[in-house]
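Protein chains in written order, with UniProt numbering: chain A, 1 to 506; chain B, 1 to 506; chain C, 1 to 506; chain D, 1 to 506.
Honestly, I wouldn't trust all of these hints.
Stated by the list, open to error - Derived lysine-lysine pairs resembling DSS-like cross-links, with alpha carbons at most 27 Å apart:
| hint | chain 1 | residue 1 | chain 2 | residue 2 |
| --- | --- | --- | --- | --- |
| 1 | B | K215 | A | K488 |
| 2 | D | K493 | C | K255 |
| 3 | C | K300 | D | K104 |
| 4 | C | K456 | B | K104 |
| 5 | C | K110 | C | K239 |
| 6 | D | K80 | C | K236 |
| 7 | B | K255 | A | K328 |
| 8 | D | K116 | D | K104 |
| 9 | C | K80 | C | K110 |
| 10 | C | K456 | D | K63 |
| 11 | A | K236 | B | K493 |
| 12 | A | K255 | C | K300 |
| 13 | B | K255 | A | K455 |
| 14 | A | K328 | C | K239 |
| 15 | B | K328 | A | K300 |
| 16 | C | K116 | C | K255 |
| 17 | B | K447 | B | K482 |
| 18 | D | K69 | D | K80 |
| 19 | A | K401 | D | K104 |
| 20 | C | K447 | A | K358 |
| 21 | A | K493 | B | K110 |
| 22 | B | K208 | B | K236 |
| 23 | A | K456 | B | K104 |
| 24 | A | K493 | B | K208 |
| 25 | A | K255 | B | K300 |
| 26 | D | K255 | C | K255 |
| 27 | B | K104 | B | K447 |
| 28 | D | K447 | B | K300 |
| 29 | B | K110 | B | K215 |
| 30 | D | K63 | D | K80 |
| 31 | C | K236 | C | K482 |
| 32 | D | K116 | D | K493 |
| 33 | B | K236 | B | K63 |
| 34 | B | K183 | A | K255 |
Keep in mind the hints are simulated off the structure, nothing from the lab. Note that the structure is a prediction, hence the values are computed from the model and not measured.
Below are the chains, spelled out letter by letter.
There are 4 protein chains.
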Amino acid sequence: MNYNYLNFFQIQFVEDKQEFSRFPTKTGRRSLSRSISQSSTDSYGSAASYTDSSDDETSPRDKTQLNSKGTSDFCVKNIKQAEFGRREIEIAEQDMSALISLRKRAQGEKPLAGAKIVGCTHITAQTAVLIETLVALGAQCRWTACNIYSTQNEVAAALSEIGVAVFAWKGESEDDFWWCIDKCVNMEGWQPNMILDDGGDLTHWVYKKYPNVFKKIRGIVEESVTGVHRLYQLSKAGKLCVPAMNVNDSVTKQKFDNLYCCRESILDGLKRTTDVMFGGKQVVVCGYGEVGKGCTAALKAMGSIVYVTEIDPICALQACMDGFRVVKLNEVIRQVDVIITCTGNKNVVTRDQLDRMKNGSIVCNMGHSNTEIDVASLRTPELTWERVRSQVDHVIWPDGKRVILLAEGRLLNLSCSTVPTFVLSITATTQALALIELYNAPEGRYKQDVYLLPKKMDEYVASLHLPTFDAHLTELSDEQAKYLGLNKNGPFKPNYYRYKHASKIP
Amino acid sequence: MNYNYLNFFQIQFVEDKQEFSRFPTKTGRRSLSRSISQSSTDSYGSAASYTDSSDDETSPRDKTQLNSKGTSDFCVKNIKQAEFGRREIEIAEQDMSALISLRKRAQGEKPLAGAKIVGCTHITAQTAVLIETLVALGAQCRWTACNIYSTQNEVAAALSEIGVAVFAWKGESEDDFWWCIDKCVNMEGWQPNMILDDGGDLTHWVYKKYPNVFKKIRGIVEESVTGVHRLYQLSKAGKLCVPAMNVNDSVTKQKFDNLYCCRESILDGLKRTTDVMFGGKQVVVCGYGEVGKGCTAALKAMGSIVYVTEIDPICALQACMDGFRVVKLNEVIRQVDVIITCTGNKNVVTRDQLDRMKNGSIVCNMGHSNTEIDVASLRTPELTWERVRSQVDHVIWPDGKRVILLAEGRLLNLSCSTVPTFVLSITATTQALALIELYNAPEGRYKQDVYLLPKKMDEYVASLHLPTFDAHLTELSDEQAKYLGLNKNGPFKPNYYRYKHASKIP
Amino acid sequence: MNYNYLNFFQIQFVEDKQEFSRFPTKTGRRSLSRSISQSSTDSYGSAASYTDSSDDETSPRDKTQLNSKGTSDFCVKNIKQAEFGRREIEIAEQDMSALISLRKRAQGEKPLAGAKIVGCTHITAQTAVLIETLVALGAQCRWTACNIYSTQNEVAAALSEIGVAVFAWKGESEDDFWWCIDKCVNMEGWQPNMILDDGGDLTHWVYKKYPNVFKKIRGIVEESVTGVHRLYQLSKAGKLCVPAMNVNDSVTKQKFDNLYCCRESILDGLKRTTDVMFGGKQVVVCGYGEVGKGCTAALKAMGSIVYVTEIDPICALQACMDGFRVVKLNEVIRQVDVIITCTGNKNVVTRDQLDRMKNGSIVCNMGHSNTEIDVASLRTPELTWERVRSQVDHVIWPDGKRVILLAEGRLLNLSCSTVPTFVLSITATTQALALIELYNAPEGRYKQDVYLLPKKMDEYVASLHLPTFDAHLTELSDEQAKYLGLNKNGPFKPNYYRYKHASKIP
Amino acid sequence: MNYNYLNFFQIQFVEDKQEFSRFPTKTGRRSLSRSISQSSTDSYGSAASYTDSSDDETSPRDKTQLNSKGTSDFCVKNIKQAEFGRREIEIAEQDMSALISLRKRAQGEKPLAGAKIVGCTHITAQTAVLIETLVALGAQCRWTACNIYSTQNEVAAALSEIGVAVFAWKGESEDDFWWCIDKCVNMEGWQPNMILDDGGDLTHWVYKKYPNVFKKIRGIVEESVTGVHRLYQLSKAGKLCVPAMNVNDSVTKQKFDNLYCCRESILDGLKRTTDVMFGGKQVVVCGYGEVGKGCTAALKAMGSIVYVTEIDPICALQACMDGFRVVKLNEVIRQVDVIITCTGNKNVVTRDQLDRMKNGSIVCNMGHSNTEIDVASLRTPELTWERVRSQVDHVIWPDGKRVILLAEGRLLNLSCSTVPTFVLSITATTQALALIELYNAPEGRYKQDVYLLPKKMDEYVASLHLPTFDAHLTELSDEQAKYLGLNKNGPFKPNYYRYKHASKIP
């Protein structure tokens, strides 16, 4: 879910600079965003919602803690919170039955026996279910956080208690962040052979600091847009000497992250921040990709009148057929109650347009970055900003007009809503399968490149989640499989079928 | 729209036999289906609905007719119907403004000047708008029908009246069919350089009978699944010596033919045949591809309770998220009121299942062929068939139970509904653009192979249809185009982006 | 379903004239509409769709026919069609299980033993199921048609064959119409004690011609708006000397006739007449009552962009909350593709507005009468009318613009769609229950007035239809019934609760 | 919005006891619920969400405060918060344009000049807009809170600052509650002539303590179900000596409170408490009244699979036609993920059923009282309750199964969601109009009874809210009004039309 790009290792990677310059740097409030990845410092509200705001001010690095088995190979806020963390993990397990099911199916054969995995992800109850699955399948794991704010301290404690070497706490400094990563990788007598990363910070640390270790890695599994982008950069530069799996773009994850998840989070995000009634509201959704399709469907169903803006005529025609007026933003800017951006573009809503909005109208962003609304243009002396709730600013014009800006133009679904456990389950299951695949793949199946999850495994992830819905798959008869030219066990949408003639397009 | 396969040239193409054997042969009622394409003999109800059933029994081949300009290079039922046909064409023009718009935009430069096109399509008012557009853009055209039943005689007359050489009438014999094709191609002093085909009969006639002509063709544009399949066969066999354009699989056409068109035609087809009330009915839709998604969405909206069967876990998970129970057919067979098949598979509904259906339940097919319901299994002595309306059979069990079978298991949307002019407009515009592209492409852009329409042209077809909906596209600013790395005029979804890593899937 | 008013007995009922003058007289094509009810001469397409167009020109009145039992107390087109009619009835029975269920439940006690019912309704397979139910419950029946076009001759034959005295055929003259009614009522040695009417013609015939018979009637059950209106007129004039039941306004029937039925028939009616694609079309629906709610919901679901016009602010606010722009017709008249009227008002669409509509736009009426579109204003010399299909006229302006007028402004759902058997089943069941109630009610329960069906019986009609949907009612426990102050068997929405304070509104 | 009943003045009103016994007493946690109304002590989360939790522990009764004009006729937490409260009121005004519009229209004529209104409502920014409207229309107001928790202290301060005599603060004791009411009524030289009440506590205080004042009241406007019930009790007992207006049952308010409001709050309430993903979830909604219709529509739109239980066959048939399976709860209890009760009944979900629910399933109530789920049955020793968030309890069975109970079975929409300002605006506008009507009604229009808002005023409330949606009403022409028999300015749905035959139902 790390959509934002980051300015990682700016000094080292000067050759990448121009490429990176497409992605605007978030500046201002946090000076440390200059040197570590932006995603690692994004506020990440929901996952940590149960977490205590402990008053103990001592840095975990300065404490010596032992778990009940007497070991100390971890560094967390307070090992005594383990029991509370265990409860959180157990509750999460209830909604991640796919992972539990995978754990049970593969436990006998221990497909990860011998795997030494270093991981760098958000450390939450859901991730803990993943980590404990990896352990159950035979892996040894050392783990750190990909974000300095998102760690659930009690979960980190619970993992440390059962012997996973976790180095993470909520509220790390930049120095802490790299120290924790290093502690994961740099251990005498133990050398990782797999990497599970979310954002690319761990991968680059190993690549830069421990090139000899890096060369012996059997596979990297990367979860985020950012990290995947970095891997392609490395690959393009001929420096990626290990196979990597891009799990961010797996079909299942994409569908759930975008269409289905946004369909719900647009309503949730708007409601939690503004209590707006949807019925009768006029809303313009900029962009009719998967995210826009999800947002418009939800709002239409709730009785809003929805307009769409698009640059692509095919998407525009889809919007027409789905019952939306396709307009230019300027045509409706004076009448709409809500603007939602989902384009991935920049300056989709300009100051000039914000000037013309109605009093009380709402502006927010569901797209891939915080560039879509020109928020910077609102930081001028004649406008007053009033923070009325967390994530809610009233920007007040000299004539008293208020425009309600949510999450300062950052992603509404990340800032003001929650990611359903079900979506996290799909991600975690995909990560586990990718690790198993890379670790067990026969020599030569994967080269030094970035791969998508094989379609069949994508289908397997989906199938593991069907029991949640008590959904029953139909099985092909031999005769039918032959008729369709398919293997009875899939993949059912063969790659060749779909992309068959693609290379012929001039 | 020719989904059914055909047993074309069975004798000549013995080498293709095994490939073709996947597609079952329709037998029985029409012996001529042995030797010409099945699609060319399919009943094709809607388009010809206005057509008279003239009493003149004389074969057009035996008549000499002159149009008002005194020429006789055509063969139609009755040239005197031209005026009536002209009115039909004018009415069709009203709903095909995209084509008219293309006509106007390209008329000055005559991009088809010098093109000599032979065409073989349904001859309807909509096709006439296409043909007259080609003429307006500079082409010379000779035309014949791809189906022996579908010709609107008065439209053929109207085209002949303005000088297009049309050879077609409603109710041709098999011999007539080939005679007409031959008359189009074989004309002294005139040699075609472009082919527009729908089903592949014309292409194969030229390929077989006039190999020298075939070699000089600059391009073939093929509309149907069947014809495209034949072209790929030829290509695979190394015998396709000209570039061909597969317009059947263009994005725009696919979306409209499947999702949007089926969303409406499932309701229309069921209503016209059975007058069934949708509200409260329990329906099972087999297959959750684009067609299944369209059918389920429409029925859910009308108050039916819809179940889905699927073999592919990814599609099954989509069905779950869209609010449908995913079941095996046997779980619900005793309770459902309607079964709709959309799988492309065979024997999806078996005799055993039909035996267990409720009295008064309806069975129909929206998929790609008439194999989905095992209709043959119902032709046993203990079952009575009662034809209660056109396309509606009651199959009656010994205990009096009736199952209502629509269109004998053939495609409901073709047999019992109509194809909206808007969809025909998209197809015709795509065909016209494909002809222009192939005719004008610089040397080397296209090899001797089958191509998809370039994405940008797909987008152009879409953009030509936006004015119908008064839809206004947003244009990228220079800055935004640069930010996104796109050309301001598209294509907006670059091919590389989408298919980038496809070849890496092991 | 007889929404249109009629000019019945204009000479006799001069005292009613002013009241009646609200309802415009349809003139023109049929001179007989002056003297019999308009509804009795409305074209009534669907129900008779299976009926043969027999070539036998002899009037049934001039033939002597015997059924197989040797009796001749009937007058139908051709008694030999009885077998075919029986099949139609059997098919109808399959969709009218509620009536069959009622037949079974009440058959033992014969609640209509001694009832002598004269009926005047459409004579269709569905009505036959009703009539045979009445007979099964003990009644003697004599029957005639309420419409000169709607009789299914073979059904009339089948009823006559089993001994029901039917006097009706398709294509009666006005004189035939009254002759048939009289034959039903005026039979030596047999005097009716119950009336089942649809339109009021039978009731008024008895009232006028046989006042002594009329006084001894135990109850009248009236189905149509028209007939109910007439009964209230009689009641107001103090001339209604028997209790009458208004089954037109029963809750169940109203809901099904309007919201649920129109939701489907708007799509069906538009599709059958124009093959229009709904997706992306801009539609304005005039009136947001139950009919308007059904139409807008269906079109929105199919991807149309729907506007609403309203005069009532409460309904307008509902439209807003349901996601529709509420506009004045003039605001959108130039841009919409379809206008649908559902107001019950007159001149909702004026010539001035029709002048401003787009080329190719469609105008139709789903409201209560043919007054909503000012069709008369289109019959001027400068406009050309072109009948392109049954029920479809192109009205052509001097500049070539075409407006597509459906059913000449009459009810689209009656003229161009069908009434689902399920709705007819609800009506028929309600009629049967009303007859049972009136016939068995204790002295004094009903006075000489017009009554609604008791709520409990309305609920009973609904409950009889639940098995069709395999719907299972929850039953109140004794404790719950006590808590809610309800009888466990209903009625569940007590009248007092709903209407309690109504009389207090000043 | 006060649905819960209360045991008010149990000692005094012994004669009402049997009637009241239908409504179960909430016992336990709050002993004071014995003597003041239950609604007055309900937690009321949303409205007070901005309110500070000030640390000043001094009781307002013990402080002397002066506003800036030097007066002290009020008692609030802290008059210095007035400025902050003013901002809250100004923000609320933006969403209550109907009230502002009413203020402007009626300000010139001062229709409430001379009115002396005592009010007892929630004291929030929205109520403040109402109160200031009443003042602007000429009234003098004294105000107190109807709930001991819901007062926004800063709003109370802002009102006091401009001279409204407010006696209320957040966190009153029972004694404070009555003291505040008394201070409003009992002021030397000032005697109220109008009452605006929400819950009936104020009304009964005046009735009991100041019978002479009560007799001179010109009208009571009551907002809550509870208060309305009490008024009918008084009326039935012949003790209501003044006219009262029941604004709870106005058409507009009912529609918004139930269907439209619940459609949104069910999603909001579930999401805020559980972060559940709706897609694919199986949900059973008990009761298909307006609330149930709203809940099911929303969940269906979000991709849930929804079942309905009903006792009333008419509602059950509606559910069928709307596309829901109608089941008994026991049929689906083992498979559903969520149960939502909306029946108004008791013990709709029993312990026995809770025992059979799935691990992780959610139970909540959207109905009229906290009786629907048998929560008491869950308070047994073998079950463990775990409070995981505010309003969220995990009830844990001995085998580890968790059922998630929301708001302890109280109203989810009040406890865990917010009431949109728009709905509050409708309520407040209705209250203002009711006060104007009662205060200005000519002698004799209203007797000593309980009245509904006249239909025309209901329509007026609706019309005042249309501009919010930029909705444009169509106006009847003279000719149309005559045709329909309506006044051009409404009412448009005449009372006589709707309720015409009601009294005839036996």
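**OP:** For the pair we were handed, D:K63 and D:K80, check the Cα-Cα distance against 27 Å.
**Re:** holds, 13 Å
Subject >> Straight-line alpha-carbon gap C:K456 to B:K104, limit 27 Å >> reply: This hinted pair is violated, its Cα atoms lying about 67 Å apart.
Original post:
A:K456 and B:K104: Cα distance at most 27 Å?
Top reply: Given pair A:K456, B:K104 is violated - Cα atoms ~49 Å apart, limit 27 Å.
Subject >> 27 Å Cα cutoff - pair D:K493, C:K255 >> reply: Within the cut-off at roughly 18 Å; holds.
Original post:
Within a Cα-Cα threshold of 27 Å, do B:K215 and A:K488 meet the stated pairing?
Top reply: With Cα atoms ~43 Å apart, B:K215 and A:K488 exceed 27 Å; violated.
**OP:** Given the hint that C:K456 pairs with D:K63, test it: the Cα-Cα distance must not exceed 27 Å.
**Re:** violated, 62 Å
Original post:
Are the Cα atoms of B:K255 and A:K455 separated by 27 Å or less?
Top reply: holds, 23 Å
**OP:** Quickly compare the C-alpha distance for D:K80 and C:K236 to 27 Å and report which way the hint goes.
**Re:** violated, 69 Å
Subject >> Restraint check for D:K447 with B:K300, where alpha carbons must lie at most 27 Å apart >> reply: violated, 51 Å
Original post:
Within a Cα-Cα threshold of 27 Å, do A:K255 and B:K300 meet the stated pairing?
Top reply: Judged against 27 Å, a Cα distance of about 21 Å means the pair holds.
Original post:
Within a Cα-Cα threshold of 27 Å, do B:K110 and B:K215 meet the stated pairing?
Top reply: holds, 25 Å
**OP:** Verify the proposed pairing of A:K328 with C:K239, using a straight-line Cα cut of 27 Å.
**Re:** violated, 66 Å
Hints 1, 3, 4, 5, 6, 9, 10, 14, 15, 16, 17, 20, 21, 23, 24, 27, 28, 31, 32, 33 and 34 from the earlier list are contradicted by this structure; the remaining hints agree with it.
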